[in-house]
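K.L.:
The opening position of the sequence shown corresponds to residue 1 in full-length UniProt numbering, with each subsequent residue numbered one higher.
These are computed hints drawn from the structure, not numbers from a lab. Each hint should be verified, as a subset may be incorrect.
Once the Cα atoms are required to be at most 25 Å apart in a straight line, the calculated BS3-like pairs of lysine-lysine come out as [stated by the list, open to error]:
1) K817 <-> K827
2) K1115 <-> K1002
3) K654 <-> K605
4) K859 <-> K892
5) K921 <-> K1203
6) K904 <-> K921
Distance windows between CB atoms, simulated [unchecked claim]:
7) P515 <-> S993: 53 to 59 Å
8) E194 <-> K516: 49 to 55 Å
9) I64 <-> Q292: 49 to 55 Å
10) Q292 <-> D401: 33 to 39 Å
11) S1211 <-> Q700: 48 to 54 Å
Think of the CB as a built atom: it goes at the ideal place given N, C-alpha and C, for glycine as much as any other residue.
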Amino acid sequence: MDSAWLADLGLCLEQKYLRTGNFQHLCDAAAIFSAAVSNTTEDDPFYSDYHDSMERNYEALIEIKSAQQDLVQKFSMSRKILEAHEAVKSLETVEAMWEAAMRDETSPGEEAEASDAVGTNNQTNEPPLWAILNSMSMAYYETYREMAGIEDSDNDSDDEFENQSEEGQAEESNPEENEPEESGSEGGDSEQREQMELLDKAIEASHEAIRGSREAGQTTLDGYPILGAMLTHLGHMLERRYDETGQVEDLDESIQSSRQALQNTPDDHIYFATFLDKLKTRLTCRYERTRQIEDLDELVWVFRQKVQIAPDDSPGPLLNLGGMLTRRYDQTGQEEDLHEAIRLSRQAIKITSDDDPFFAAALGSLSGQLSRLYRFSGQIEDLEESIEISRQAIQATPNDDGNIGTPLNNLGIALGHRYDRTGNMEDLDEAIQVYIQAVELVPDDLPTLTTFFTNLGLNLGRRYEQTGQMEDLEQAIRIFLRAVELTPENDPGFAAVLNNLGINFARLYNRTAVPKFLDEAIRVSRQAIQLTPDNYQNNIGESSNLALLLNNRYERLGRPEDLEEAIQLSRRGFQATPIDHADHARLSTNLGIILRHQYEKSGDKGDLEEASRMSGQAIQGAPDDHPNIIMALYNHGVTLEYQYRETKQIEFLKEATRVAQQAFQITAARPLARSKAAILAANLLLEQGDHQSGYTLSAQAIDLLQLVHTRSVAIQDRQWIVAHFFSLATLGCSFSIQAKQPLFNALRLLENGRGVILSLLMDDRSDTTKLREAYPDLCALYETLRVQVNTPSEGEGPIGQEEGKWRYTKQPKAIGKLEKCIQDIRKLPGFGAFQQGLTKEQIQDTSTEGSIIVVNVSKLRSDAIIVLSTGISSVPLPRFDAAQAQTWIDKKLTQAKPSERGRKNREYRKFLAWLWYECVKPILTRLGYTVQSSPESLPRVWWIGTGIASSFPFHAASDFSAGPTENTFCRVLSSYTISIKALIHSRERAPISSFSDARPRKLLMVTMGNTPGADDLPGAVSEKSTVLKTLGSSVQAKILDQPDSVSVIRQIPECNIAHFACHGVSDWMYPSQSGLLLQTDSPGFETPTDTETPIDTETSPDPESPAQDVLSFEKLCESNPTQGEIAYLSACSTAENNIFPLMDEMLHVVSGFQVAGFRHVIGTLWPSGDEVCVEVAGAFYAELCRSGTLQYTDRDIAIALHKAASALAMSEEYQRRPLHWAQYVHYGA
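Whole structure, please, built from the sequences with the hints as guidance.
P.N.:
This is the structure:
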């Protein structure tokens, strides 16, 4: 269209408006000028004229419209402006306008039209006011949606059904992600305000329309429920504004509008179901926000209505009602809701064909509900059905279906419950695999992924409880920390994630005793409780967990407020739980534990009696074989023991013993829980004097240890497991002797219950010569498999995702093959005892080179068991009792500062005299070992100390004040061994080869004169010079000054003699990390143990300086086997063994070198001075070279150390200073 023509028409229409006042003419003029501008380029000389005319007319329109107060008229004006703008797009319409404008006279109705132009409302031709207002509301809302870019739908699908997973249920939350993003410009804020103004106007117009409709009595229009529709639309807009602003009042009014819509709509009307859906959506939104039971009750009513109006063959409404009833059961614990939900799910399955998508959903719902029913009732049949139906649901759901996670989750939950009930590890392992499968199959954008990820962490924590594998616990914590990051705080599952994180932090505290982990567990548990409404069933469990955590902190810090809060929380949970609920026993047990501690604090017998009632209630009615009952039995046994101590009534002791024995006999329970029960029962049997039963129980407990201490467990985890069995072997040995069992039985308990970590490590490096000669192929398979199992893979870490797939760092297939291979070997003739406990004949054969003396100390008695080639005998040591031994240990005499050396040397001489008179001298006298004139004629003995005597220096027992013959040195040649099996292992190493000048021994000399983070050792250089000078050309020396552990480990397999002059370190938390201090060229510094302590960059080591490196026990055990003959460890505390629960494991640097393959190892029980180190080392090698060249046998090595140490002991300078010489020990063949 020609722009000039359009401009002329616009002027005519503008003049006509000015003459008549007809608003329509002004609308048409503005629209025509707008068209003229659109058809003109900006470089046209008339463009600005057209543009000014357009602005002039639009400004007039806006001014008139703004002055209009009547909403109806304002809406009518807006509609006319829009219609005029659309009309000028048609050429025919524009031509008609031109013809009308060219008339000289106005049309007959024009003046009348002009008189009604503005401010009139012809009620006879216009629709009702309420209808116009409703149209206005919809128009405003439509414009708001377009401006905000919202593509929402006012429809709710009835095809959705509730996920009936029991734990970590993934449900729609009330997200606030629709809030507009903050803008960095004022324009963005202005646009947002304009959008909200439109939404407010839409809501205001809707309110007015509804009011008008009610006043007019207009609720339906041609059968359409117009009032219900308007109320529903109002509810939708209010819900939208709630999403934008978070104003709860809007959500409340939205729900009220939905209720009124239903009230104004017959229940048989087609729109009644739609209005029900609206109410369901808004109630669900508020329920997710507040967890108010009233909303949940109303939701149940809504879903009941949906069932009533749905066809009889429709499973969806049945499943949705069942889901809502299940939710209400989860919150209130009302059993009838759960039973009705199960009935509805069964009904849905019955009416649904196998190929219907609802079939798998119905199976999934039923499986989750049955799992809940099992938790409530404890009936194993419900659990078995849940597992079976979950498997059916998985089969009915394709792997690429987004809903596959629900049945997988239900199966994992049910398998976890069955593991809890039966203790079957296969169920727990399968549950973990099921969750891994769920994580892999479920799309990343589904909210349920967090649920499956969380449940994976939950079951890894369970497996940690069973196996003690730190890898599982660390991974569980990582999972929950990640879940906390990914889960919004308003998500209904967030509290459960926090609670599980707290539980695992508590486990980490129990494992490490690091206080910050307990504090963090308490913090997140409090947060979980705050997010869970008081009337929610989960709140009880979370409160009970927090109570136990506070109780733990009370035990550590003794703060009364922690104990008081723990009692309050525990009472509340106990009182709120029905007596027939499955959780009642656990809550009763927890309350009993806390009340027992209250008794310890107050001394009030009433607290103890209530604790006993609580713990007694916990075991009433529970199945005798239920694995979870073990801790209830254990704690009841402890409480009964307290009552016995308080009242001295023997009935309490007998009942405590019976309960503890019952707990141990629950074979389905966690092995580590059974070990606690065994220790309790053993001590109670000791109190009763029932030694035969004590022996039987100890033997059974040691057998249990053999089952749980396996190759699949890392060394640090093995330490944790073995610590749970501490004292059972030593006490069992005493029970055996007291019950007059054969002495071999006592020895067998010690061999099977002590040094078990080293035993398994030595098995995997044992000599296979006989097997290779008889069955070379089977031997080759065995050696290949044990290398695979014991060689750490590069980059080995915890469970994780690698290229989208979950993997385990352990090698279960290789471990399984190795175990099967061992079983196959044991079936062969002559190999029945392969890697099994020693026979009596094997034990006696070990003593052909000298006596083996086992000194066993327990609370019951102390004895020496003497093994000779001719038999086994014992020597009672009545005055060498455990209490006195512990008194000496508690003095910590070997930990002497320079200023304390004098006093502690005096005290240590007294200790050595006590050790001589009460232990060593009676044993040697029984053996007939008298004073010998020279060391060469001394009989050999191997000492084995057990329990608190495991680090006693029997070789140094003496009373020099009574004369030069009152000591061990002049009567026997002493060596040590961890166990008889370890002695056999040392002798299985390659025998000492012949000496030849043509083939000198290979010496590895390692020195650390300067150690990062430790004092300098100037004596290390002197010691190196002394040793090299003494050995001379007898050795081919490889000298490593200031090396790292990798370099040393690389050289160890090549040497005959390894000599270390350096610092040693004992790790009191993880003794397998004890080792020799070396250094690495990699810059760095040691991370503080307390991660909350900031690193001081001003005082931190220079990043260019070498860092400390440790040649640890664990590294030695992982190194390639060596055929080394002597390892001389001139370092501090290389044979120290002070970790109380691991005393019988003897995990120190010396034993690490034995595992590595050295036939003889020289070490120290505590630190020694530089000068003494140089002197002893020089004397040792001088003795080996006494013939002018290096020559030695097994006996010669023991004699060499004996002479070096005894020379100091007999010298005038050192005789009264035993802390300088008594620490040197020889381990080996």
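K.L.:
Against this structure, judge whether each hint is valid.
P.N.:
Quick rundown of the hints versus the structure:
1. K817 <-> K827: 16 Å, holds
2. K1115 <-> K1002: The hint holds at about 22 Å.
3. K654 <-> K605: Distance of about 20 Å is within 25 Å: holds.
4. K859 <-> K892: Holds, because 21 Å separates the two Cα atoms, which is no more than 25 Å.
5. K921 <-> K1203: 20 Å, holds
6. K904 <-> K921: Roughly 23 Å between the alpha carbons, so the hint for K904 and K921 holds.
7. P515 <-> S993: 53 to 59 Å: Given about 54 Å between the Cβ atoms, the range holds.
8. E194 <-> K516: 49 to 55 Å: 52 Å, holds
9. I64 <-> Q292: 49 to 55 Å: For I64 and Q292 the Cβ distance comes to about 50 Å; the hint holds.
10. Q292 <-> D401: 33 to 39 Å: 34 Å, holds
11. S1211 <-> Q700: 48 to 54 Å: Cβ of S1211 to Cβ of Q700: about 52 Å, so the range 48 to 54 Å holds.
Violated hints for the displayed structure: none, as all numbered hints are satisfied.
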